[in-house]
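With chain A's structure known, arrange chain B with the ligands on it following the hints.
Here the protein sequences line up with chains A and B, keeping their order.
Heads up: the first sequence begins at 1 in the numbering used here, then just goes up one per residue.
Heads up: the second sequence begins at 1001 in the numbering used here, then just goes up one per residue.
Check each hint, because a few of them may be wrong.
Said to hold, decoys possible - Listed below are the simulated BS3-like cross-link pairs for lysine-lysine, each with C-alpha atoms no more than 27 Å apart in a straight line:
id: 1; chain 1: A; residue 1: Lys-49; chain 2: B; residue 2: Lys-1030
id: 2; chain 1: B; residue 1: Lys-1033; chain 2: A; residue 2: Lys-199
id: 3; chain 1: B; residue 1: Lys-1033; chain 2: A; residue 2: Lys-49
id: 4; chain 1: A; residue 1: Lys-270; chain 2: B; residue 2: Lys-1178
id: 5; chain 1: A; residue 1: Lys-49; chain 2: B; residue 2: Lys-1282
id: 6; chain 1: B; residue 1: Lys-1189; chain 2: A; residue 2: Lys-277
id: 7; chain 1: B; residue 1: Lys-1282; chain 2: A; residue 2: Lys-277
id: 8; chain 1: A; residue 1: Lys-277; chain 2: B; residue 2: Lys-1220
id: 9; chain 1: A; residue 1: Lys-46; chain 2: B; residue 2: Lys-1282
Since the hints were made in silico from the structure, they are not lab data.
No experiment lies behind these values; they were computed from the predicted model shown.
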Amino acid sequence: MFDNLSDKLDKALHVLKGHGQITEINVAETTKEVRRALLDADVNFKIAKEFTNRVKEKALGQDVLTTLQPGQLMVKIVKDELTQLMGGESEGINLSGNPSVILMSGLQGSGKTTFSGKLANFLKTKKSKKPLLVACDVYRPAAIDQLHVVGEQIGVPVYSDRENTDPVSIAQAGIAKAKAEGHNVVIIDTAGRLAVDEKMMAEISDIHKAIQPQETLFVVDSMTGQDAVNTAKAFNDILNFDGVILTKLDGDTRGGAAISIKSVVDKPIKFIGTGEKMEAIDIFYPSRMADRILGM
Amino acid sequence: AGKSKVDDDVLDNLEEVLVSSDVGVDTTLKIIKRIEARVARDKYIGTDELNSILREEIAGLLSETNDADFFELQISTDKKPYVIMVVGVNGVGKTTTIGKLAHRFKKQGLKVVLGAADTFRAAAIDQLQVWADRVEVPIVKQQMGSDPASVAFDTLSSAVKQDADVVIIDTAGRLHNKVNLMNELTKVKRVMQKVVDNTPHEVLLVLDGSTGQNAFEQAKQFTKTTEVTSLAITKLDGTAKGGVVIGISDQFKIPVKYIGVGEGIEDLQVFNKHEFVDSFFKI
Ligand SMILES: Nc1nc2c(ncn2[C@@H]2O[C@H](COP(=O)(O)OP(=O)(O)OP(=O)(O)O)[C@@H](O)[C@H]2O)c(=O)[nH]1
Ligand SMILES: Nc1nc2c(ncn2[C@@H]2O[C@H](COP(=O)(O)OP(=O)(O)OP(=O)(O)O)[C@@H](O)[C@H]2O)c(=O)[nH]1
Ligand SMILES: [K+]
Ligand SMILES: [Mg+2]
Ligand SMILES: [Mg+2]
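The shape of chain A in the complex, shown without the other chains (with noise of 0.2 Å):
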């Protein structure tokens, strides 16, 4: 049912060439493919439209009138665009504190736990650190022994209280204990909540206040909708987070979420999640990902 948008860039582009010469009109016609394309690949309405009029004015600017090969200058602005949309300097993850806190924050099912678990494992083994994973989920049924099987399975310890049902005094009390026993990193998984749920958004933010973390990460599924922009700015405006984790892109979503969070709230995308397994956690590029919005 959906060609890929390098297919639909090629038609339009087609459509393009056939005229030989460019005329605004015919670049109208080519960027409202290209928007079409990106809201296939799950753009946001707003955002496709503002960044493809962007692109117009570009090619438009740059003489694609002019150059031999129209086509290729012009899915070449429209990858530049996006990358540099994606981009900005590549920050790793703060881990400045001693401890450093690392909160997690996001949707329910999104992928949190897991990459509580990736994070810990590639400091571990790609950063030489000491890391404990504290549990601070204490609605979802099992969240407690999920982070503990994960951290079994990577050799990390967990610190849980299942007594304790304030996830602020949980989070208190595992950075206490990861000073009296020499961990350097402290991960937070919370528990999956929604922009619209007052009282769960509240939570975080008392749990946000009071340890103040150095790094605030917001973990968001690559199949993520239209729906992406909304709840990436509620949980920036609550949290002011410090970074987007990208999960489950071991599928075949194009993820345009991608844009459209990076849009809304100029925040970095720092990891990737690429599989259920405690290794598949990959360094985010931009380029690439707008390869994959592009179908290239």
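Chain B with the ligands alone, transformed into the frame defined by chain A:
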């Protein structure tokens, strides 16, 4: 009411609403074309009538497969136990939906057994156990890492022995592009048929309401491997609209049966297409 005309502005606005609800460009254009055709036929259609026409048109896409009488899963008493296998990609809400469904069936006076055939994800079995305890229904399980087909086999055998009415099998989340994992589902099905003929009677595909156009691929691939018979859309208690199911229901002729509207045991509703469409126009 004033008869302001359905003009391009109105249709542009409609396009924005539909695409922003994850309906997708193809299905949105299809809906808009139908409305344009009606506007051309009846020149006096005003914006005040647009909403009801829109409801009709979208309902039309959903209607063949969403007949009011068949909204809820019908547990046939001559198929005993009636076996439901629940499938979907990672984290969409399968296990939670199973807990809510079990509760619903139990309230209807049915005898329910759960099967913990997600033997892969960390603490997936414990999670289903918590739900079984909450609902107070029996669960059949093995150790983490055991063969899911063997768990399904045990569950059906046990259900037959207990004279249960309904069996619900939980499966591990799997991305639809992973061939081995998809084939595993075929094996689970095959093994269940050794205990009860023609099982599963129902394959429920769970879709996350916040998923965008990738849900199409999910529906396509799961339908191919497991002959999906019904859909549930979860997490509609947030701001995501789940509009992608309109095109899915239309293309694959699979009815939407339930929606998930929270994490609690009662947070499962029978799908209502009119309320569903109306939600696109609420903030
Ligand atoms: N294929 C794939 N699956 C993933 C990835 N990350 C997480 N998952 C799976 O997605 C599902 C949800 O992951 P969790 O880590 O439990 O998500 P969560 O955000 O902690 O969920 P809640 O605590 O319920 O909000 C599980 O089945 C994970 O195995 C990924 O990168 N790829
Ligand atoms: N707000 C909300 N959360 C839901 C709903 N349904 C499920 N969830 C939450 O989504 C998360 C994932 O749900 P699960 O039932 O574990 O999903 P799953 O598909 O079984 O996940 P895997 O087995 O890991 O693939 C949990 O935190 C659930 O509480 C819903 O309708 N609304
Ligand atoms: K939602
Ligand atoms: Mg979790
Ligand atoms: Mg599950």
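Evaluation of the provided hints:
no.: 1; hint: A:Lys-49 with B:Lys-1030; in the structure: holds, 20 Å
no.: 2; hint: B:Lys-1033 with A:Lys-199; in the structure: violated, 43 Å
no.: 3; hint: B:Lys-1033 with A:Lys-49; in the structure: holds, 21 Å
no.: 4; hint: A:Lys-270 with B:Lys-1178; in the structure: holds, 25 Å
no.: 5; hint: A:Lys-49 with B:Lys-1282; in the structure: holds, 22 Å
no.: 6; hint: B:Lys-1189 with A:Lys-277; in the structure: holds, 26 Å
no.: 7; hint: B:Lys-1282 with A:Lys-277; in the structure: violated, 39 Å
no.: 8; hint: A:Lys-277 with B:Lys-1220; in the structure: holds, 25 Å
no.: 9; hint: A:Lys-46 with B:Lys-1282; in the structure: holds, 18 Å
Checked against the numbered hints given earlier, the structure breaks hints 2 and 7 and satisfies all the rest.
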